[in-house]
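Student: Chains A and B, in that order, are what the protein sequence lines are. 6 is the number of the first residue of the first sequence in this note's numbering; add one for each residue after it. 450 is the number of the first residue of the second sequence in this note's numbering; add one for each residue after it.
Incorrect hints may appear among the rest.
[Stated by the list, open to error] Non-contacting residues of chain A with respect to chain B, defined by C-beta distances greater than 10 Å in every case (computed):
id : residue
1  : Asp38
2  : Ala47
3  : Asp70
4  : Gln120
[Stated by the list, open to error] With a Cα cut of at most 30 Å, we get these calculated DSSO-like pairs of lysine-lysine:
id : chain 1 : residue 1 : chain 2 : residue 2
5  : B       : Lys531    : A       : Lys62
6  : B       : Lys479    : B       : Lys520
7  : A       : Lys20     : B       : Lys479
8  : B       : Lys520    : B       : Lys491
9  : A       : Lys62     : B       : Lys491
10 : A       : Lys20     : A       : Lys62
11 : B       : Lys479    : B       : Lys491
12 : B       : Lys520    : A       : Lys20
13 : B       : Lys531    : B       : Lys479
14 : B       : Lys491    : B       : Lys531
[Said to hold, decoys possible] Selected chain B positions facing chain A (Cβ under 8 Å, derived; list incomplete):
id : residue
15 : Val467
16 : Asp503
17 : Asp523
Since the hints were made in silico from the structure, they are not lab data. No experiment lies behind these values; they were computed from the predicted model shown. For every residue, glycine included, the Cβ atom is placed at its ideal position computed from N, Cα and C.
Chain by chain, the residues run as shown.
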Amino acid sequence: MSLARAEIEFRSDLKELRRAREFVRTFCHGLPDQPLDEDRVAALELAVDEAASNIIKHAYHGREDQWIHMEGEVFPDHVSIRLHHLGDPFDPATAQPPALDGTRESGYGAYMISQCVDQVRYYRDERGRNCIALVKERNER
Amino acid sequence: MEIPVEQVEGVSVATLDVDELDAGNSPEFKRDIAPALQANTKLVLDLSRLRFVDSSGLGAILSCLRLLSAKNGDLKLCGLSKQVRAAFELVRMHRIFAITATREEAVHAFAH
């Protein structure tokens, strides 16, 4: 049972990334007892930006007339953000490792997501949509 | 995107005048920084206004370094906020760029 929940829907347009990030900040800052400190909120914000960006670029192949449905939920020990979409699924096993020596200008997205959150899961949800679920554990108490 | 460029002690300093550099405005940044990259070999990019950068923004800044390096030039960065610095560190780009706290330090680094 979640302690709080919020959702938003936005178009598959890279100009909407700002709204996705604002949703994360507003949701996290509005939670009782501030389960995530500023560094954790910033990391979750970056992970959501990269996940939404990957959906728009790769799952929807740059089409701007599709939708992404995002849900935030807070549980006693973590905050979860799920991004649902109807584009192509992503198989993380096929992702190339990032070039951390500066020789490539792209290909960091999936790596950054994995570094920013405690869990990331790519799956098909109960309504047949593809989903990226991001989990950030709450501050140590 | 406005990217004012000024001369400080003989070094060109470009100021990124936005608070977020993401996949939505990185193409615009690459287009609008191009004249400064063509006109200079030594460039400082002041990021002190920037509060958020994602992998597309990092890639765009990296492309500036690669363009300048290809003509034996260099790019130095200054004024990174905590969150922006964290993004650079996540993909080890803080090791690839010369990063200083202030634009004065970046300009002086070119002189020495």
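Student: Confirm or reject each hint.
Tutor: Hint by hint, here is what the structure shows:
no. : hint                   : in the structure
1   : Asp38                  : 23 Å, holds
2   : Ala47                  : 5 Å, violated
3   : Asp70                  : 16 Å, holds
4   : Gln120                 : 5 Å, violated
5   : B:Lys531 with A:Lys62  : 28 Å, holds
6   : B:Lys479 with B:Lys520 : 18 Å, holds
7   : A:Lys20 with B:Lys479  : 16 Å, holds
8   : B:Lys520 with B:Lys491 : 10 Å, holds
9   : A:Lys62 with B:Lys491  : 33 Å, violated
10  : A:Lys20 with A:Lys62   : 12 Å, holds
11  : B:Lys479 with B:Lys491 : 17 Å, holds
12  : B:Lys520 with A:Lys20  : 33 Å, violated
13  : B:Lys531 with B:Lys479 : 23 Å, holds
14  : B:Lys491 with B:Lys531 : 25 Å, holds
15  : Val467                 : 11 Å, violated
16  : Asp503                 : 5 Å, holds
17  : Asp523                 : 13 Å, violated
Hint compliance for this structure: hints 2, 4, 9, 12, 15, 17 are broken, all remaining hints hold.
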